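Please arrange chain B on chain A, whose structure you already have, making use of the hints.
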Amino acid sequence: MLRSVLVVEDDDAIRLVLRMNLEDDGFNVTEAADAERAITILEKDPPDVMIVDLRLPGMHGLDLVRRVRMTSQMPIIIVTANTDSHDVVVGLEAGADDYVTKPFVAKELMARVRTQFRKTVPPEAVPDVLTCGPIELRPDTAEVLKDGEPVAVSRIEFFVLSELISARGKVLSRDHLLRKVWGYGNAGDGRIVDNLVYRLRSKIEKDQANPELLLTVRGFGYRMAV
Amino acid sequence: MLGSPRLRTRVAVSFAVLALCISAVLSIASYQFARSYLMRARESVAITRALLDAQAASYAIHTLGEAPVKAIEALPLVGGIRVSQHLYSVDGTDWIGTQTPVPASAIPPALISAAAGGGAKQRFDYEGLPYLAVAVVVDGATYAEVFSYYELDTTLKRGAWLILAIILFATVLGGLLGLYFVNYLLRPVRELASGARRLANGELGARVQLTGDPDLDPIADTFNSVADALESRLAREQRFSANVSHELRSPVTSVLGTAELLETRSSQLPAREAGLVTVLAQQVRRLAQVLLDLLEISRINPDQPPQWESVNVKQLCIDSAVNRGFDAGIVHGDDVTVRTDSRRVERVVGNLMENARTHAGGVVRVLVLGEIGAVQVIVDDAGPGVPEELRERIFEPFHRGQGSVSRQGAGLGLAIALEQVLNIGGNIHVTGSPEGGARFVAEFPTHEGEL
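Each protein sequence line maps, in turn, to chains A and B.
Taking the numbering used here, I'd label the letters of the first sequence as residues 1 to 226.
Taking the numbering used here, I'd label the letters of the second sequence as residues 1001 to 1451.
It is worth saying that the hints were derived from the structure and are not from the lab.
In this text the structure is predicted, and so the values were computed from the model without any measurement.
Backbone N, C-alpha and C define an ideal beta-carbon position, used for all residues, glycine too.
It is possible that some hints are incorrect.
Stated by the list, open to error - Facing chain A, a subset of chain B residues (Cβ under 10 Å, in silico):
| hint | residue |
| --- | --- |
| 1 | 1252 |
| 2 | 1254 |
| 3 | 1283 |
| 4 | 1285 |
| 5 | 1287 |
Isolated chain B (complex conformation):
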């Protein structure tokens, strides 16, 4: 994905927060409105009911002469609102009543005193449940009724949960919307990034399509023209180096051949001239080698695809050492046979050994270590080691060690070793050997799959 998860997160979170705020404000406001409306409606019904009940009881007691207990019991319990109880008291303390889930003592005393003026209502909790008490004074006696808020409360609670769920849902939806939005917005940018990545991976034909968006097209256009320029520039340089290489190869070949012929005939030459011929041949050989090395590392594409075959790496190191004039006894380690490209491994090992000989007083040991799926070839030299700050730079072409014992070589050996080990999917790094010299570690994977 595009390397900007932070932007995506930021936009998604902003959307989520916005959705949270909007849905919370709207939901809470409408909840509050609904709640107070329902409460008020409920209260007014309760008050009306209490008044009617009080008048009915008063009529039964005073006009019909019924006993207060009977009159209170006769009051109906029907109706949309569940009435917990009816109570009757002459002096406001000694209550006569029925159905008492809430005892008379639980009725707030403030209500009774407030009812003295005609009537009052008050909300209160008993054993965790909400109730509304309404007290009415009719003909000198106080009638009280306790109404349960239980149902309304449950409904309101359910409503509150629902609203919370809605808020959460809106928040998540907002976040998702934000993600979608940012993805949608970033699509052209992602395309641009993928084009740039393909270009960086060496796919020189990589271009991005114009979207027709006046804000984004200039960027895409610039990218395409940069890619065009890069492609033609590289093609030009490839042509140039191919031509240079071709034009240099032939004369160097003939000069080299001439110098070597003269060298074989040096016994027929005067001593001074014979010495000159020796120098000439040496220098031309060096020139030819530098030319070959330079061509090897300057190639943009490897000269040939790797040839995978089973190779005994230790035997290869021994052969390479012997062929280059080292003692076979310097090679130690595991007798591993892996699938790799023998020519390239030889170039790597050989160059590391030559480097040790030319710049660091010789090879101390070559160590082959077999690992799961990979092989390490370690070359320790007899030099003073490579300081930390130079450990990357020594692999650059034409880099020669500061304390180099010798002026030989153009400094391309390590660059070639690196180039070739990269060609087979490996890498090289340098550390210190136990003796204080440099330790070059070339590691390359075992090639799996078809030949």
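Bound-form chain A, shown alone:
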């Protein structure tokens, strides 16, 4: 079955180019020129991944991301025109999993999309179940349980958690995670990792402000408490 991508972008030319590139890559593409139309499509026929330009006429892309995140773990990639504005930070905080900056090379965006569809956990993490304290990971079904209760996580969140748990308390740098999970070649943007960890904590920690499971190691990165 073809994976489906929803492209939310008001610029017709970019939408066309994205559609053709994605179709060349074997995706099923639906398009929306604004957030309102995107919401209709999301309700009727939810896609596997969403690409959102943050600057949309009418409802802002950020609001769309927040709204989708309330009910869905679907991977979201945001498109921004500015790295130096708060767009990136706010977009990641709103729940985006990755971002690209205009002008982007279509191949780069395709790679980001494919990352979101990675199927398997890294081969070294073979065990059926990964555990760490109250957290249980089921690599075969990409499920996360906390105290036996399922926790809704996105694919990327699952991979980050599985990397950290497989490291058995070893510190993993942001750079390492960006390479392993997101597939960034050269140094990527560490803020992506920070925001994802922030979101993961809200799901698995008792008190998000005082994490007991997913710990920050200042100046180095992150590790799991063992």
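Frame of chain A; chain B shown alone:
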């Protein structure tokens, strides 16, 4: 402090010199006056005393018929003035006397001859001490008395020391007063200077307060309006470049995407058109890269605050080299792990390597050197080296080497490397490599402190 210590010194020294002159003239004049007054008073007392003593002795000798030795010894030694001795002589040479700390021979002969007319006085020194001798002729005999000046001299000396101390004190006080005065005068100027410094450091809201002084306010006012103009101009330019960047990004993205789609379909196109599409895609990629590079260096504020984390610089250089199509074997040096911003270090190293490839025939070596609190990354290229006079200019945007082997690149790579290394508190300079090529040395400090 304000960069004008010379002015402060000048004013302080002038005040000190003025105080020195005034206090010296006044003190020395009053000292001289006091000194001569005291001396004269002392002399007149001495003369009176000598006359009275001489008359008393003469009376005892001539009227009462006492022996001169007895008469002289009987003279009183009391009184405010210490008398060293009394002497008596008939012919002015053979002296009869008592208490002789000063021998008769020490009395100046000129005094005796001068006394022949009735009386005379003379100051003289004996064994380093000052004395006054008074000689009086009464009834054909010469009486002489020697008075010590010792006490008066000591008093005057003490006075002189005191006056010297006063002069010194006044001089120092004058200097301090000058410093205070110049500080007071310069306070508004200092405020102006600190405002200018804050403005220069990028604090665009820096303004100076008007003091109400008609001489200084116009300057402060001008400064403020210059700062206003600068601030609004910069804000305008920031808005402008943000708009330009936004308006350019979208069309470039779609043109780039279109060109690349055409490129992937070029096998379906006639050969001529396929060639054109290749050129188009190449040029659009270049345009997109120039746009990105330009945005990166034209930003007034860095796109994001540095992200400090522990980075193995050598490993980062190796990864960067491999990712950019260089051989991992070109990277040498220390295996150092420091706290820095890996993305920026990669931009610096990567751009230096790309620069070597594009403009100087390739990278000879990348050398990582760990130092105390800092790291040096050295990139040597295979080119002819950079002449001394161009070593600053090559870091300017759009500068391309004269003997550049290639027309590739917009000449922004080094400008970006410099921009990014400055963002993490470092710097870049260029020298010569041992092989005669250019050696780019990027140095950046290890970031200490909190994450």
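We went through each hint and held it up to the structure:
1. 1252: Result: holds, 4 Å to nearest chain A Cβ.
2. 1254: For residue 1254 of chain B, the interface hint holds, since the closest Cβ of chain A sits about 3 Å away, which is under 10 Å.
3. 1283: Cβ of residue 1283 of chain B sits 14 Å from chain A, so the hint is violated.
4. 1285: holds (7 Å)
5. 1287: Where the cut-off is 10 Å and the nearest Cβ of chain A is about 9 Å from residue 1287 of chain B, the hint holds.
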